[in-house]
Structure formats: structure tokens, C-alpha cells
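Asks: Okay, here's what each chain looks like letter by letter:
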Amino acid sequence: MIFKMESVNLVYDIGKEVQTFALKDINLSLDGNRFIGIMGPSGSGKSSLLYAMAGFKIPTSGKVCYGEIDYNKVSPSESAEIRRKDFGFIFQRHFLIDYMTVLENVLVPINDDSREAKIKAISILDKLGLAHLTSKKPYQLSGGQRQRVAIARALIGDPKVIFADEPTAALDHSSSIEVMKFIENYKKDKMIIVVTHDSCILQNANHVINMLDGAIVSIDKGRGGI
Amino acid sequence: MKPLSTVTYLKNNAKKVLPGFVCMSLGVFLIYFFSIILYSSIYEINQSYLNMLERVTSVRANTKNPISDKILSKIKGCSNVECIIPIISEIGGFEYKSPFFQIRTEGFNIFEEDMPKALKIFDMKLVEGKLPSPNSSELLIPLKIAKQNKIRIGDYIGKNPELNVILNKKYKVCGIIDGTVNIILTTNAGNLKREEVLKHNLIFYLKNNNNKMINNELTSMKESKVTIMDYKSAYDQMNEVLMIMNSLRVILNFIVIIVLCISIGNLSYILFLNRKDEFAILTAIGYKKTTIYKKLLKENIALNLLAFIVGIVFTIIVVRLLNIVVFEPKGQYVYSFDISSMVTAFLIPLFVSISNMISPLRNLKNMDHECLEI
Amino acid sequence: MIVISLIIILKVNWIRREGKENKYLEGNITMKALSILNYSRKNKNKVVSSIIPVLIAVTFLYLINTFVKSINNSLYKLSVSSYKYYATITAYDNEDIIEKVKNNKNVERIVPFMGYGIKYSIPGSLVFADVMGLRAQDMNYFLQKESIQVMIGRLPEEGKKEIAVNYLVAKNKKVTIGDSVGNALDKFDGINGEYKIVGILKGENMLSIVSFNNEILKDYDDVEKSLQRGIIAFPEKNKINEVNKLVEALPKGEAVYNTFNILSERFNKNMACLELLDVISILSIFLMVITVGSSKYVEFFNRKEEIGILNAIGYNKRQILKRAILEVLTVNTISYILGLLLGISLSYLVKENIFEKVGAIGVVFDEKALLISLYVPLFTTLFTVVPINAMINKLDPIDMIENN
Numbered sequence: 001m002i003f004k005m006e007s008v009n010l011v012y013d014i015g016k017e018v019q020t021f022a023l024k025d026i027n028l029s030l031d032g033n034r035f036i037g038i039m040g041p042s043g044s045g046k047s048s049l050l051y052a053m054a055g056f057k058i059p060t061s062g063k064v065c066y067g068e069i070d071y072n073k074v075s076p077s078e079s080a081e082i083r084r085k086d087f088g089f090i091f092q093r094h095f096l097i098d099y100m101t102v103l104e105n106v107l108v109p110i111n112d113d114s115r116e117a118k119i120k121a122i123s124i125l126d127k128l129g130l131a132h133l134t135s136k137k138p139y140q141l142s143g144g145q146r147q148r149v150a151i152a153r154a155l156i157g158d159p160k161v162i163f164a165d166e167p168t169a170a171l172d173h174s175s176s177i178e179v180m181k182f183i184e185n186y187k188k189d190k191m192i193i194v195v196t197h198d199s200c201i202l203q204n205a206n207h208v209i210n211m212l213d214g215a216i217v218s219i220d221k222g223r224g225g226i
Numbered sequence: 001m002k003p004l005s006t007v008t009y010l011k012n013n014a015k016k017v018l019p020g021f022v023c024m025s026l027g028v029f030l031i032y033f034f035s036i037i038l039y040s041s042i043y044e045i046n047q048s049y050l051n052m053l054e055r056v057t058s059v060r061a062n063t064k065n066p067i068s069d070k071i072l073s074k075i076k077g078c079s080n081v082e083c084i085i086p087i088i089s090e091i092g093g094f095e096y097k098s099p100f101f102q103i104r105t106e107g108f109n110i111f112e113e114d115m116p117k118a119l120k121i122f123d124m125k126l127v128e129g130k131l132p133s134p135n136s137s138e139l140l141i142p143l144k145i146a147k148q149n150k151i152r153i154g155d156y157i158g159k160n161p162e163l164n165v166i167l168n169k170k171y172k173v174c175g176i177i178d179g180t181v182n183i184i185l186t187t188n189a190g191n192l193k194r195e196e197v198l199k200h201n202l203i204f205y206l207k208n209n210n211n212k213m214i215n216n217e218l219t220s221m222k223e224s225k226v227t228i229m230d231y232k233s234a235y236d237q238m239n240e241v242l243m244i245m246n247s248l249r250v251i252l253n254f255i256v257i258i259v260l261c262i263s264i265g266n267l268s269y270i271l272f273l274n275r276k277d278e279f280a281i282l283t284a285i286g287y288k289k290t291t292i293y294k295k296l297l298k299e300n301i302a303l304n305l306l307a308f309i310v311g312i313v314f315t316i317i318v319v320r321l322l323n324i325v326v327f328e329p330k331g332q333y334v335y336s337f338d339i340s341s342m343v344t345a346f347l348i349p350l351f352v353s354i355s356n357m358i359s360p361l362r363n364l365k366n367m368d369h370e371c372l373e374i
Numbered sequence: 001m002i003v004i005s006l007i008i009i010l011k012v013n014w015i016r017r018e019g020k021e022n023k024y025l026e027g028n029i030t031m032k033a034l035s036i037l038n039y040s041r042k043n044k045n046k047v048v049s050s051i052i053p054v055l056i057a058v059t060f061l062y063l064i065n066t067f068v069k070s071i072n073n074s075l076y077k078l079s080v081s082s083y084k085y086y087a088t089i090t091a092y093d094n095e096d097i098i099e100k101v102k103n104n105k106n107v108e109r110i111v112p113f114m115g116y117g118i119k120y121s122i123p124g125s126l127v128f129a130d131v132m133g134l135r136a137q138d139m140n141y142f143l144q145k146e147s148i149q150v151m152i153g154r155l156p157e158e159g160k161k162e163i164a165v166n167y168l169v170a171k172n173k174k175v176t177i178g179d180s181v182g183n184a185l186d187k188f189d190g191i192n193g194e195y196k197i198v199g200i201l202k203g204e205n206m207l208s209i210v211s212f213n214n215e216i217l218k219d220y221d222d223v224e225k226s227l228q229r230g231i232i233a234f235p236e237k238n239k240i241n242e243v244n245k246l247v248e249a250l251p252k253g254e255a256v257y258n259t260f261n262i263l264s265e266r267f268n269k270n271m272a273c274l275e276l277l278d279v280i281s282i283l284s285i286f287l288m289v290i291t292v293g294s295s296k297y298v299e300f301f302n303r304k305e306e307i308g309i310l311n312a313i314g315y316n317k318r319q320i321l322k323r324a325i326l327e328v329l330t331v332n333t334i335s336y337i338l339g340l341l342l343g344i345s346l347s348y349l350v351k352e353n354i355f356e357k358v359g360a361i362g363v364v365f366d367e368k369a370l371l372i373s374l375y376v377p378l379f380t381t382l383f384t385v386v387p388i389n390a391m392i393n394k395l396d397p398i399d400m401i402e403n404n
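Chains as they are written, first to last, in our numbering: chain D, 1 to 226; chain X, 1 to 374; chain C, 1 to 404.
Hints listed in this document are in silico derivations from the structure and should not be mistaken for laboratory results.
Remember, predicted model here, so these are calculated numbers, not experimental data.
Even glycine gets a Cβ: it sits at the ideal position worked out from N, Cα and C.
One or more hints might be untrue.
No more than 27 Å apart at the CA atoms, straight line, and that leaves these computed lysine-lysine pairs for BS3-like [unchecked claim]:
(1) K218(C) - K70(X)
(2) K160(D) - K289(X)
(3) K64(X) - K252(C)
(4) K16(X) - K218(C)
(5) K252(C) - K172(X)
(6) K169(X) - K150(X)
(7) K84(C) - K351(C)
(8) K2(X) - K118(D)
(9) K276(X) - K351(C)
(10) K225(X) - K252(C)
(11) K118(D) - K298(X)
(12) K137(D) - K289(X)
(13) K147(X) - K269(C)
(14) K120(X) - K130(X)
(15) K16(X) - K394(C)
(16) K351(C) - K42(C)
(17) K2(X) - K136(D)
(18) K118(D) - K64(X)
(19) K330(X) - K252(C)
(20) K172(X) - K225(C)
(21) K225(C) - K193(X)
(22) K199(X) - K269(C)
Incomplete in silico selection of chain D near chain X, CB under 10 Å [unchecked claim]:
(23) S79
(24) H94
(25) L96
(26) E104
(27) D112
(28) K136
(29) Y139
(30) Q140
(31) L141
(32) G143
Residues from chain C shown here face chain X by an in silico Cβ test under 7 Å; the list is partial [stated by the list, open to error]:
(33) G193
(34) C273
(35) S294
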């Protein structure tokens with residue numbers, strides 16, 4: 001079991017007038033190298049599920065385990081270590097560092113400037129069709145190119161799990177398809193978790209978790225959609 | 001270079017950090033410049049006044065009556081006194097101008113046999129011309145004063161206020177001396193006997209300069225008809241005046257620090273805010289908050305240190321140029337290198353670095369992953 | 001600046017009044033959304049941190065300049081002002097010079113004197129206050145010509161070791177009637193022995209008087225002391241300029257000539273060493289302007305979004321620029337006024353506690369100080385407005401919106 005969640009509740013703004021129940025009594029276990037999608041409308045808690053799994057947010061109650069590690073029992077810096085070693089992240093906004101070149105941005109998670117690291121980065125960028133842009137800065141790229149650089153950055157550390165939160169929301173249709181095709185290539189070696197409200201990009205997912213109002217409604221095998 | 005290294009950051013953001021860098025360098029320049037000019041002025045005043053008293057003590061009768069035998073025998077009898085030079089008369093003096101102050105240098109009429117002794121005591125060397133011949137109204141003047149007033153060997157000086165000199169009669173400049181004490185010497189003894197002169201005005205030199213007990217003993221005798229001028233009383237007197245200039249320096253430093261802390265603090269806080277996304281993604285990727293703190297700190301310190309060095313180097317260059325163009329023709333000199341001034345200037349990058357880090361650190365602490373959401 | 005601050009005050013009042021008329025807000029004071037007051041209210045920190053550096057700079061420059069002027073005025077009164085009514089010739093060996101002056105038709109009277117000094121120490125300066133040794137028969141004439149009055153006590157008697165001290169000099173030495181001065185008591189005094197104070201003098205200058213006693217008479221005849229011996233040449237009514245010209249024309253190198261012109265020139269030359277403080281002032285202004293200006297500019301740069309939206313909504317560039325200039329101008333005017341107030345208060349404190357306490361003259365209001373301290377807000381405004389103007393002109397609202 002890579003991920004195991006038991007009776008997880010995540011509540012925001014505790015103590016304030018209006019509390020938000022982002023996750024309600026989630027029980028879930030995920031394992032294996034596969035492509036998993038999390039779907040749902042806006043406010044359904046899908047991003048919160050991703051944050052809980054990645055260790056960004058400690059649940060208000062319940063247990064989230066990654067392998068043998070219980071997030072409740074480790075310190076924030078240990079949890080950061082886990083993220084650096086085992087996880088890769090792709091967000092809707094690319095979050096590239098504007099003053100670094102494409103190559104430097106890709107190398108940020110490993111902070112290595114050795115020849116081997118550079119060669120590895122360039123080979124990943126090459127697969128993404130960006131090898132000719134290594135010395136450009138983010139503002140010189142198009143939206144699709146920037147997101148692909150973000151993907152390369154997520155892959156440089158050979159993560160075991162790739163988390164993608166609405167990776168194609170800011171892209172046009174053809175770029176979205178390209179990006180998803182590339183991510184899907186890795187489903188045999190890694191666990192890929194993609195959060196989205198767009199069912200089209202989950203066509204090749206192994207499983208799709210449907211969420212509504214903070215709870216898991218159903219888990220579909222194969223094609224996505226309710 | 002590693003992507004998260006300080007060099008990468010500074011290289012890629014040179015334009016953005018330039019304003020803060022320039023301000024810091026200018027601030028350092030201002031403080032260091034003011035400090036070393038002050039330091040040099042004080043040094044030159046010492047040369048004209050305190051340095052002499054550091055080596056000798058002057059004992060002079062206030063009235064026509066001679067110095068009491070008690071004092072004379074005390075001085076003659078002290079084992080620490082190496083030599084005693086009788087002063088026949090004080091002949092007037094020069095006004096020497098340093099960048100910030102000006103001070104009067106006295107001239108002494110001494111016996112011919114004491115002339116080489118005096119030069120040795122005051123550590124002065126004859127750089128041009130010859131020693132004055134006895135009873136010929138010839139004068140030795142220090143190099144700095146010759147330069148400042150453009151006086152050469154063979155010139156006659158007497159009551160020349162335009163040359164900043166007023167002497168009791170006309171003298172011919174026969175030699176120029178240089179060293180750590182600005183002093184003017186002549187020898188016109190006439191028929192006066194050494195023992196007689198000794199009873200009215202003398203200076204004495206100690207073998208062991210660290211043991212100044214004889215000065216304290218003489219002062220404690222409280223002879224009102226005799227003036228005993230030693231280093232300590234002159235130093236205390238000078239200090240009163242110099243204190244104000246030093247206070248000014250401290251106040252200026254303080255003000256520059258406050259203004260720079262606020263303004264550069266503003267600038268770097270804004271730069272920090274513009275990097276919030278960068279820090280958010282670094283935290284998400286898995287870098288610990290302490291790693292990010294350290295990165296920020298290293299960048300801050302590297303930049304400020306660099307600005308400090310640039311400021312100091314710039315000041316040294318400017319001062320050297322000013323020396324050649326402005327000061328040396330006036331017989332003045334400003335030292336371009338002084339450790340205590342550098343330390344004073346160093347306080348600026350120190351305090352600015354510290355105040356720069358407070359807001360960003362507080363901000364980083366509270367930063368959460370919410371900023372990763374849309 | 002004063003006119004502008006008046007305009008601002010009037011505008012603020014008008015805004016307030018307008019708000020009170022709006023019944024919908026049920027008594028809440030409102031102001032225009034884009035007014036400066038609104039911005040200041042919501043961004044107190046930023047505004048305060050913009051005002052403080054300029055305020056400090058203005059205060060500091062004002063204070064430095066009044067400080068220097070105080071030293072200046074004190075030393076002027078000490079060394080130059082007495083020469084408004086006479087000229088002196090000292091250290092003469094040749095009696096012919098004296099005869100020539102005595103016989104000149106513009107010279108009313110020649111008064112012989114011996115010049116001594118007592119220590120006068122003020123911040124930044126350690127000098128001698130002149131002590132005139134006069135004959136009893138000349139004393140009253142001297143006092144009358146120099147407009148000096150005996151405030152307390154009396155003049156020194158002939159033959160006695162007594163002194164009448166100027167009240168500022170007395171304050172400096174912290175002495176009064178009954179105390180004594182002289183190098184028997186303070187080794188830095190320039191008069192031998194011990195002189196009892198019997199009178200306090202007051203006048204336009206800081207002269208003190210002793211009479212020709214035995215010691216001084218001996219000094220008068222002593223060749224060794226020739227540097228201190230001299231004569232004062234008092235002119236006929238309104239003939240001071242002629243007497244000055246006469247003295248200045250006497251052969252150089254034969255004696256030391258002091259007239260008002262010579263001493264003023266020398267005084268100005270000596271005070272020129274304080275020019276260095278002017279250089280420091282200019283450098284400080286430069287530093288402040290760059291620092292504060294760039295800080296404000298960056299602040300505006302960060303509000304590009306706000307400006308872009310305003311532009312997109314329909315405010316034209318001129319209106320936006322006007323708002324920006326008004327903001328910068330307001331901040332700088334407030335800083336200047338506050339800085340000036342603080343500077344004047346501090347100058348007053350310095351005058352009372354540092355200068356007047358030691359019998360010197362303190363300056364509180366000075367034109368040069370006002371002007372120099374004005375340069376900081378002036379140039380800061382300029383240095384900020386010009387780049388902001390450039391930035392606003394280059395603005396493209398669509399770029400702004402799409403980038404974010």
C-alpha cells in the first residue's frame with residue numbers, strides 16, 4: 001500500500017464563524033504503478049485530497065500513511081524530505097522561477113549542477129520537445145511550453161509518485177492532449193495522481209475517484225466520468 | 001552553478017538588486033569618507049601639538065622669578081629623566097591647517113649644543129638644507145608647514161600673517177625637517193648662560209616613556225608660579241574639542257543607518273514579496289523552511305558585503321585622488337586606510353542586513369501551502 | 001511648499017465635508033476611493049516608512065547647518081567684531097610706524113596695550129578670548145568707543161592684579177566676581193599669574209580688561225614679549241575706513257596689522273575648513289535622494305496592477321500621473337514640515353544646552369539651513385516623479401491584466 005487513508009476528516013477555519021469541511025470521512029488505499037484520476041466539481045475537495053496525500057495538510061482527524069510513514073507522527077521537515085525524495089508536483093500555475101533559465105528551473109528539486117544532472121535534465125526536456133529552449137527564461141516561452149518545463153522539473157528527481165493538480169486548466173486543447181500523453185508515459189514506473197474537473201484528460205486513467213462535497217462518491221475503473 | 005546558489009540569484013537579478021546595492025555603497029562611502037578625514041585631521045593635530053608633549057614635558061615660570069629650586073632639583077634628581085633642554089625663549093608660531101581644524105605650532109630658541117638632541121628626541125630628520133648657525137637668526141621649519149605655505153630655503157619670514165606665521169623678528173629659513181612632530185627651531189643664545197636659562201623655561205625627556213610618575217609628582221606640588229604642561233593635561237583639553245567631532249560622526253552614522261535600514265528594507269521587502277511564488281514552489285517541492293531561510297540570508301549577506309567592499313574601495317580611490325589634487329598641494333594628507341573607520345562603516349551593512357531579514361523571515365514562517373491554490 | 005500644504009489641508013476639509021452629507025452611510029465619514037487620504041489610511045506602514053527617512057534627513061541637515069552657524073557666530077563675535085571700531089598694530093619694532101599713524105588726521109587717539117588671552121572653549125573650537133591690558137587713563141575712553149558697559153562690579157585698579165571679564169567669557173570659564181583667572185589656575189590661560197575678577201563687562205564683543213600693573217609694565221618693556229605689545233588706533237568720527245586703509249598700507253613684515261577687513265578675510269578663510277561639512281551635507285542629500293527616491297519608485301512599480309486597472313477602467317494617464325505626483329508631493333511636504341519643526345526644536349535645545357551654557361551664541365533660525373534642508377524633499381520628489389512619469393507613459397493595461 002503506497003497510500004492509506006483511514007477516516008480522514010479535513011476541516012478549514014476551525015473556530016471561525018463558517019467552517020469548511022473539505023474532506024469528510026475518507027477511507028482510501030492506493031498502490032501500484034498506475035494512473036489515478038480524482039474528479040469532481042469545484043469545491044468537491046479533490047485538491048484537499050491531494051494535499052492530504054502529499055503531506056501538505058495534516059488531517060483534522062484520521063490517519064494518512066505513505067508506506068509505513070504516518071504523517072501525523074513525523075515533523076514538517078521530515079515530511080518535506082519525503083516530498084523532495086519521492087514526490088513530483090505539477091500545478092495549474094507553472095510556478096517556474098522567473099529569473100532562472102529553463103535548465104536551471106528543471107534542476108531546482110535536486111539543486112545539482114554536475115554534468116550528469118544536466119545531461120539527465122536535457123534528456124527529459126528533449127523527450128518533451130524542449131531541448132532547444134534550455135537557456136531561455138520562462139517569460140520567453142508560451143503557456144504550453146512553460147507547463148512542460150514544470151513537468152520536467154517534477155520528473156528530474158525520479159519520484160515514485162507524481163501529483164498533478166489541474167495540470168491542463170490553463171492550456172489550450174492541443175497542448176492539454178500533448179501534456180497528458182507525456183504524463184501517461186510514466187504510468188508503468190510511477191504512481192500518477194491527477195486532479196481535474198475535466199473528464200476528457202482522464203480517458204486513459206486506470207481508476208477515477210469521483211468526489212462531491214468532500215466525500216468519495218464512487219471509484220470507477222477504466223474510463224472516467226459519472 | 002547550482003540553481004539555488006547565491007551566485008545564480010545575484011547574477012540573474014542584478015538589475016533588481018542594483019538600487020539597494022548602490023544605496024548601500026553610497027552610505028558606506030559617506031561614513032568612511034567622513035571618518036577618515038576626521039581621523040587624518042586629528043592625526044595632524046597630534047603632530048602639531050600632542051606628539052611633542054608625548055615625548056617631553058614642558059616646565060615654565062609664569063613670572064620673572066625663576067622656577068623654584070625644589071622643582072629643579074626634583075627634575076635633575078629623577079633617574080628617569082634622560083636629558084633636560086633649556087628653552088631660551090618662545091619666538092612665535094605658525095598656524096597649521098588640517099582639513100577640519102587648525103592649530104598653532106610654537107617656535108623655540110634653544111642652545112646650539114641642544115639642537116641635535118632636540119631633533120633626536122622629536123624624531124625629526126633634516127631633509128633639506130642645514131642646521132641653523134648660532135646667533136644668525138636662522139630657522140628650521142617642518143616640511144608640512146613649508147609645503148602648506150610654499151616656503152623654501154633662503155626665504156625670510158617674520159611677521160607674515162598671509163603665510164600664517166608671526167615671529168618676533170625676521171628669520172632666514174635654513175633647513176627643513178620632517179618627522180612626527182611639527183616644531184620650529186632656532187638658536188640665538190647671545191650671551192646667555194645655560195644654567196640661567198634653565199631656571200626659567202625647560203623641557204625634559206624621559207628614558208622610559210611609560211613611567212610618567214615624575215609628571216604627576218610635579219603637578220601635585222601645585223606650584224602656582226610654574227606651568228607644567230604634560231601629555232595628559234593637553235590630551236584632556238584636546239579631547240573636549242575633539243569629542244564634538246566624534247559625536248558628529250556617531251550621529252551621522254546613526255542617521256545613515258536608520259535611513260538605509262528603512263529604505264533598503266523597503267526595497268528588499270518588495271523584492272521578497274515578488275518572490276513569494278518561488279518560495280511557495282520550493283516548499284512544495286520539499287525544501288525545508290530552514291533551507292529557504294538560509295538561502296535568503298546568504299543572498300542578503302553576500303549582496304551587502306559586496307556593497308560594503310565596493311563602497312570602501314571607491315572611497316579609497318576618491319581619497320587618493322583628492323590627496324593628489326587637493327590636499328598634498330596644501331601640505332595636508334588624508335590617510336585612506338583606517339581600521340576603526342572601516343569598523344564604523346561596517347555597522348551599516350550589519351544593521352541593514354539584520355533589519356532586512358526580519359519581515360521576510362516573519363512572512364516565510366507564516367507561509368502556507370494555500371498560496372499554491374489558484 | 002507652504003502653499004501646497006495649504007491646498008492639501010483645504011482639500012482634505014472639503015472631502016470630509018462631502019462625506020458628512022452622504023446620508024446613506026449613516027454618519028460614517030467617507031472619502032473618495034482614490035483620494036490620497038484613503039490610500040494613506042489603508043497603508044499606514046508604507047506612508048510612515050516613506051516619511052521617516054526624509055524627515056530624518058531634513059532634521060539632520062537643518063541641525064548641522066545651525067550648529068555650524070552657531071560656532072561661526074560665536075567665533076566672529078570673539079575675534080572680529082571688536083575691530084568694527086578700531087585697528088591695531090602689534091609686534092612692531094619700528095617706532096616710526098607708530099608716529100606716522102599718530103600724526104594722521106583721521107586718527108583720533110592712540111592707545112597702547114598689551115594683548116593677553118584667557119581660554120575660551122566651545123564645541124569644535126579651543127581659542128583665546130582677548131584680554132586688553134590698558135593704562136588707567138585709557139580705560140574709560142576704550143569702553144566708550146567700543147560701547148562696552150560694566151554690568152556688575154568695577155574696572156580693575158591701576159597697579160593691581162585685577163581683571164574685568166566679559167560676561168560670555170565668564171560664563172564659559174564658569175567664573176564670577178571674586179573668582180580668579182590666569183595660568184596659575186588654568187595652565188591654558190594666556191596671562192601669567194593670578195588675576196582677581198572685579199567686574200563683568202558686556203558689549204558687542206568679548207573683550208576683557210586688565211590694567212597696567214607691575215607685571216604688565218615689565219612685559220611692555222620686554223623685547224621678548226614684543227609680539228603681544230601694540231597700539232590701538234581709534235578713528236575720528238566715521239573715519240574707520242580711512243584708518244583701516246592707512247594701517248593696511250603700512251610696510252609689510254614690520255609689524256602685525258589687524259583691521260576689520262584683514263580679520264574678516266582671515267576669519268572667512270579659517271571657517272572655510274567647515275566647508276567640508278558642506279560637502280558632507282551634499283553627499284548626504286545625494287544619498288538620501290537616491291535611497292528614498294528608488295524606494296518610492298519601487299513601491300509605485302509594485303502598484304502597476306492598480307494603475308493598469310485604473311487605466312483600463314477609463315482614467316487617462318494624465319489623471320493617474322496627477323494622483324501619483326500629488327501623493328509624492330504630499331508625503332515630501334509633510335516630511336519637510338515635520339522635519340523642519342523637529343530641526344528647529346532640536347536647534348533650540350542645542351542653543352540652550354550646548355552653546356548658551358558655555359557663553360557662546362546659538363542659532364535657531366538660519367536661511368541657509370532652511371534652504372539646504374529643502375533640497376532633500378525637493379530632489380526626492382523630482383527623482384521619484386520623473387521615473388514614475390516614464391513608467392506610467394509606458395503602461396499597457398492589457399499587458400498588465402493578462403500577465404496576472
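Asks: For every hint, state whether the structure bears it out.
Replies: Evaluated hints:
The suggested pairing of K218(C) with K70(X) holds, with an alpha-carbon distance near 26 Å, which does not exceed 27 Å. Distance hint between K160(D) and K289(X) is fulfilled; the C-alpha atoms sit about 23 Å from each other, no more than 27 Å. With a CA separation close to 32 Å, the supplied pair K64(X) and K252(C) exceeds the 27 Å bound. As the CA atoms of K16(X) and K218(C) are separated by approximately 78 Å, the hinted pair breaks the 27 Å bound.
With a C-alpha separation of about 16 Å, the suggested pair K252(C) and K172(X) falls inside the 27 Å cut-off, and the hint holds. A threshold of 27 Å between alpha carbons decides the hint, and for K169(X) with K150(X) the separation of about 20 Å falls inside it, so the pair holds. With a C-alpha separation of about 26 Å, the suggested pairing of K84(C) with K351(C) holds against the 27 Å cut-off. The suggested pairing of K2(X) with K118(D) holds, with an alpha-carbon distance near 11 Å, which does not exceed 27 Å.
Taken as a hint, the K276(X) and K351(C) pair is broken in the structure, with Cα atoms around 51 Å apart against an allowance of 27 Å. The suggested pairing of K225(X) with K252(C) is violated, with an alpha-carbon distance near 37 Å, which exceeds 27 Å. Taken as a hint, the K118(D) and K298(X) pair is honoured in the structure, with Cα atoms around 25 Å apart against an allowance of 27 Å. For the suggested pair K137(D) and K289(X), the alpha carbons sit about 26 Å apart, so the restraint of at most 27 Å is met.
Proposed proximity of K147(X) and K269(C) is supported: the alpha carbons are some 18 Å apart, at most 27 Å. For a cut-off of 27 Å, the pair hint linking K120(X) to K130(X) stands: about 15 Å separates their Cα positions. Between K16(X) and K394(C) the alpha-carbon distance is near 19 Å, which keeps this suggested pair within the 27 Å criterion. Of the supplied pair hints, the one linking K351(C) and K42(C) is violated, its CA atoms being roughly 40 Å apart against a limit of 27 Å.
Restraint check for K2(X) and K136(D): satisfied, since their Cα atoms lie roughly 17 Å apart, inside the 27 Å limit. Our distance criterion of 27 Å between C-alpha atoms is broken by K118(D) and K64(X), whose separation comes to about 94 Å. Taken as a hint, the K330(X) and K252(C) pair is honoured in the structure, with Cα atoms around 24 Å apart against an allowance of 27 Å. For the suggested pair K172(X) and K225(C), the alpha carbons sit about 21 Å apart, so the restraint of at most 27 Å is met.
With a CA separation close to 20 Å, the supplied pair K225(C) and K193(X) stays within the 27 Å bound. Among the hinted pairs, K199(X) with K269(C) is inconsistent with the structure: their alpha-carbon atoms are about 40 Å apart, more than 27 Å. A cut of 10 Å between beta carbons decides the hint on S79(D): the least distance to chain X is about 8 Å, and the hint holds. With a cut of 10 Å, the hint placing H94(D) at the interface with chain X holds, because the nearest CB-to-CB distance is about 9 Å.
Given the 10 Å rule on beta carbons, the hint for L96(D) holds: about 8 Å separates it from the nearest Cβ of chain X. With a cut of 10 Å, the hint placing E104(D) at the interface with chain X holds, because the nearest CB-to-CB distance is about 4 Å. Restraint check, D112(D) versus chain X: the minimum CB separation of about 7 Å is within 10 Å; hint holds. For K136(D), the interface hint is violated, the least distance from its beta-carbon to any beta-carbon of chain X being 13 Å, above 10 Å.
With a cut of 10 Å, the hint placing Y139(D) at the interface with chain X is violated, because the nearest CB-to-CB distance is about 12 Å. Among the interface hints, the one on Q140(D) is violated; its C-beta lies about 14 Å from the nearest C-beta in chain X, farther than the 10 Å criterion. Hint on L141(D) is violated. Least Cβ distance to chain X is approximately 16 Å, over the 10 Å limit. For the restraint placing G143(D) at the interface with chain X, the shortest Cβ-Cβ distance is roughly 15 Å, beyond the 10 Å limit, so the hint is violated.
Using the Cβ-Cβ criterion of 7 Å, the hint placing G193(C) at the interface with chain X is satisfied: the shortest such distance is roughly 6 Å. Interface restraint check for C273(C): the shortest CB-CB distance to chain X comes to about 6 Å, inside 7 Å, so the restraint holds. Contact between S294(C) and chain X, as hinted, is supported at the beta carbon level, the nearest pair being about 4 Å apart and thus within 7 Å.
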